[in-house]
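Participant: The listed protein sequences derive, respectively, from chains A and B. So the first sequence is numbered by full-length UniProt numbering: it starts at 1 and just counts up by one. So the second sequence is numbered by full-length UniProt numbering: it starts at 1 and just counts up by one.
Since the hints were derived computationally from the structure, they do not count as laboratory data. The structure presented is a predicted model; accordingly, all values stated were derived computationally and were not measured. Every clue listed holds true.
Covered by chain B, according to a simulated footprint, are these stretches of chain A (three or more residues, beta-carbon under 8 Å):
#1 57-63
#2 129-141
#3 147-154
#4 158-170
#5 179-187
Residues from chain A that face chain B, not an exhaustive set, calculated with beta carbons under 10 Å:
#6 Ala118
#7 Phe119
#8 Leu121
#9 Tyr122
#10 Phe176
C-beta atoms are modelled at their ideal positions from N, C-alpha and C, and glycine is treated no differently.
Read off the chains here:
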Amino acid sequence: MGSRASSLLREEDIDEIKKETGFSHSQITRLYSRFHSLDKGENGALSREDFQRIPELAINPLGDRIINAFFPEGEDQVNFRGFMRTLAHFRPVEDNEKNKDMISGEPLNSRTNKLHFAFQLYDLDRDDKISRDELLQVLRMMVGVNISDEQLGSIADRTIQEADTNGDMCISFSEFTKVLEKVDVEQKMSIRFLH
Amino acid sequence: MPKKSDTARKLEDVGIEIDGDVESAEEDKKAKGKGAKKPAAGKRGKAAASEDGEDEDEDDEPPRGRRAAKKKKAAQADEEESDDDIPQRRCAGNRRRGKVRESGRDGDNEKSGRKNKKGGKKKKDGKGKGKDKENDKDSDKDEKKKKNSSGDDSKSDEEEESMSEGEMAKLMEEVEEKKKLIANIRNKPWRMRRRLKVLKEAQQFVDKFEGALGKGKGRKLYAYKVMMMKKWIKFQRDFENFRTSCIPWERKIKEVESHFGSSVASYFIFLRWMYGMNLVLFSLTFGLVVIPEVLMGLPYGSIPRKTVPRAEQATAMDYSVLTDFNGYCKYSVLFYGYYNNQRTIGLLKFRLPLSYLLVGIGTFGYSLMVVIRTMAKNADVGGGDGEDNEFTFAWKMFTSWDYLIGNAETADNKYASITTSFKESIVDEQENQKDENIHLRRFLRVLANFLITCTLGGSGYLIYFVVKRSQEFANMDNLSWYEKNELEIIMSLLGLVGPMLFETIAELEEYHPRIALKWQLGRIFALFLGNLYTFLLALFDEVNSKLEEEDSIKNASLWFVKEYYANYSANNPNDTGTPPPIDPADIIRGPCWETTVGIEFVKLTISDIQVTYLTILIGDFLRAFIVRFLNYCWCWDLEAGWPSYGEFDISGNVLGLVFNQGMIWMGAFYAPGLLGINVLRLLSSMYYQCWAVMACNVPHERVFKASKSNNFYMGLLLLILFLSLLPVVYTIMSLPPSFDCGPFSGKERMFDVIMETIDLDLPAFMGTLFGYVANPGLIIPAVLLMVLAIYYLNSVSEAYQNANMELKKKMQLARDEEKNRRNNKDSTNQVMKDLEDLLPNNSRPPPSPPENRAEKKHDQGGKSPKVKPGTAGGGVHLQKDVSLASANPSARGPVTRAPGPRGPGPLPGQPGPGRGQGPPPRRQ
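Isolated chain A, as found in the complex (with noise of 0.2 Å):
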């Protein structure tokens, strides 16, 4: 099946996710058949439903909202171009890329970017700014019924509180970025592909 799958990817087209992505090419064609398996509809992309598939995913309280980043915006299907893409942020960062990040502009996989994939699963209507209806959203997603709505309204409150610095009473990237600040994102947005 790997084998065959790969066969389908043109060469081409792994150069440019290559120089895209940064992945290497057995990595590609690993994710491509990898892709190719999850694709049930056969027809070269991915609905939602085929990422419902996954466990991690379904058991996931923010698995919608991460299915959601792999779609651009007002699409239902996404090419394997679009998958890596998503992907990449989750490369880890190398060593020797650290000082080529300088040179050639921010990779995907680079602390912002993570962060700013990060951010758009709790920025549900991508207007870059966390607002208060969101978090509680995201929080009933993540604790269910266990904690009273009124809690939960503190919590968000408590959450915006602690990061917002500019009084708008909305999270914005910035500002999430900050409260990330000590968070090692580099290594925990991070997945090892296979090489």
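Since the structure of chain A is already known, use the hints to place chain B on it.
Facilitator: Frame of chain A, contents of chain B only:
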């Protein structure tokens, strides 16, 4: 655009470029070396690095999570493959490698292109430092390209060989270069930090690739080294996994924690710790005392102390007798009295009495050491990262879910634990915000403490009074049932009422539940000490009476033996041989107070176990059962209403455990088997209580977060250890052992066995040596020395504390600096981009999406005032004409991170004197 500044900028730029470029060129080279030359090795190296990093990250997570992650992302091949199939691939998978190599080449092309640009710039500058090198390298690459261009995907072995030769040459050159760099690093006009970094990198590079250069043997050795390195890393990972999975009950405890909060989990962690310690004590005692006695000692029935007396033999096997630990139980290896006072036993000449005493002392020594060490370690943990949690809720909000969870059950646990942790934080928060009436609160607290002190004093007096009365009663006959059992009844009533009373009074104080728990523990502990006191008092009374009794029996026993022999020779005058020995069951026995004490402790432990387990069964299980199933046919809602489900009683359980351990410590010397019983008890109660808590209890109304260290529990334990140490040491040092039972029979004092060993087994000079050591003239200075040492260590630790505080402050500063730098990075990057756009042959991927940029701008806009110092630091050695630049020369952190392009690109909204030329010329 003013020309002057432009050229100036270029100059600066180039100057920086050189600084930054050597590094990046090196990096490139390294990448090439990794990516193209030795695909396998490079891959391995990378994989190893990333694995290492991952390891750190994933250690905390259950192995399963890791597996899930693999499953999720690792396509079809598992990790084994990637680790092990590389050598295979090297010889067989040519096609694939070809591709990889091609990609490497592509990368080279790109890089060389970029390098050319830089080289060009350098030429302009006239410095041309790395020019020749560059050219060489480029030509080298060209050569290689030519070589490679002939064959595409189908690569022959020969080609591979030639290519690797070419690469070999290059690698050789690079290594040489690095070596040169190492030699010359002193002369480079760099900052120290940078120099060190470069030096380190260069050395690593040389170490890594020097081996690869050798032909034949050296290369094989290198390959072998790489392989071994890989194997070693893999082994370490496996070992780490293994170690994590070896932590007993980790999952059980995590499960409890996720549903009941860290406070309940802390009890189970304490229980587990206790189990570990008891296991060590158990193996010590059984390995050095019980097993040798069983294997090598005299068998049962050979001597009086190992035989059930004739009078008891009829009932010795009765169940009721055995459950009282009399009969065969009493004359078994479980108790002190069974051991013989033979100096050595068996072929190995095992010195059992000595071993018995040393193990008894060693038990305490080990326990003390472990408790204190654990406390010290916990204190360490506490100081680590407890401070500054300014974003508690935000962190919980954004980072609590573990995205590697792929199992529904684990996910449930995670849900529960997130909920619990939110609840914990809410409680903490509520406590923090409560500050209405501080005076009232203070008054209430003082009142509560006053009340509790009164209660404690009252119960203390009550105990004292009752004990006195019971001593009077002991001398009287025809007592009523109440009078006989008065002490026990009062004690258990106190134990029942006291904690409840304390809890009620503690309501007044309105402490945070975590602190309230500590107070509660401390108070109940004080109350229970009374219990302990009465118990010990009763025991000492018994021991004293037995000691008195013993003297007379000793005479009777001796007289009996003498008479037996006299009778024997009188009855059989013509038998001149030795008379047949007396049946050991018939000899008159002393009371053997040690065994009595041992039996008391064992009985106490057993009854404690029974009470605990029954309480759980009735108080928790039955209650939960009734509430659950009778609820269908009851007039009010049982679950929400009065009986409801039980909560897990942390304070009671912890104290139970602590006091039980005290009993074990005290009793273990007189009943070596007690440790075995205790190990079984802890083991079973782990499972039993875990089950009970999950099945029958509900989480506390206010789930609170336990303090990170269990040090309060440990402190209680230490206190109990000390208290239980006293009576045992007292008996060892000052009570005479029984004359006819136990390993020390026939000696004045138990510790005489040590003197005996010194005299008989050690060379004579050792005896004199010990004699000197035991001299008060030496002991007093030794004590003084210890006091001095304590004083010294104390002041040293204080000094360390101060140093710690300083370091913390420094860390905070460093963090701030880092913050600034990170904030600056965006702007740096933007400027970089602008620069890149200017350059020809731009082969890099399209710039990141525009919203990114917008954010960055916003970022800078919002933060520019804060950012200033960092910026200045960044520009410090390139922009001498910028007034900001020299403002903060100490912040040189950013310089190491390719400060170059900040020169030309001003921060938007911060036009400096020399760089106020508006937006960078990107849009030309």
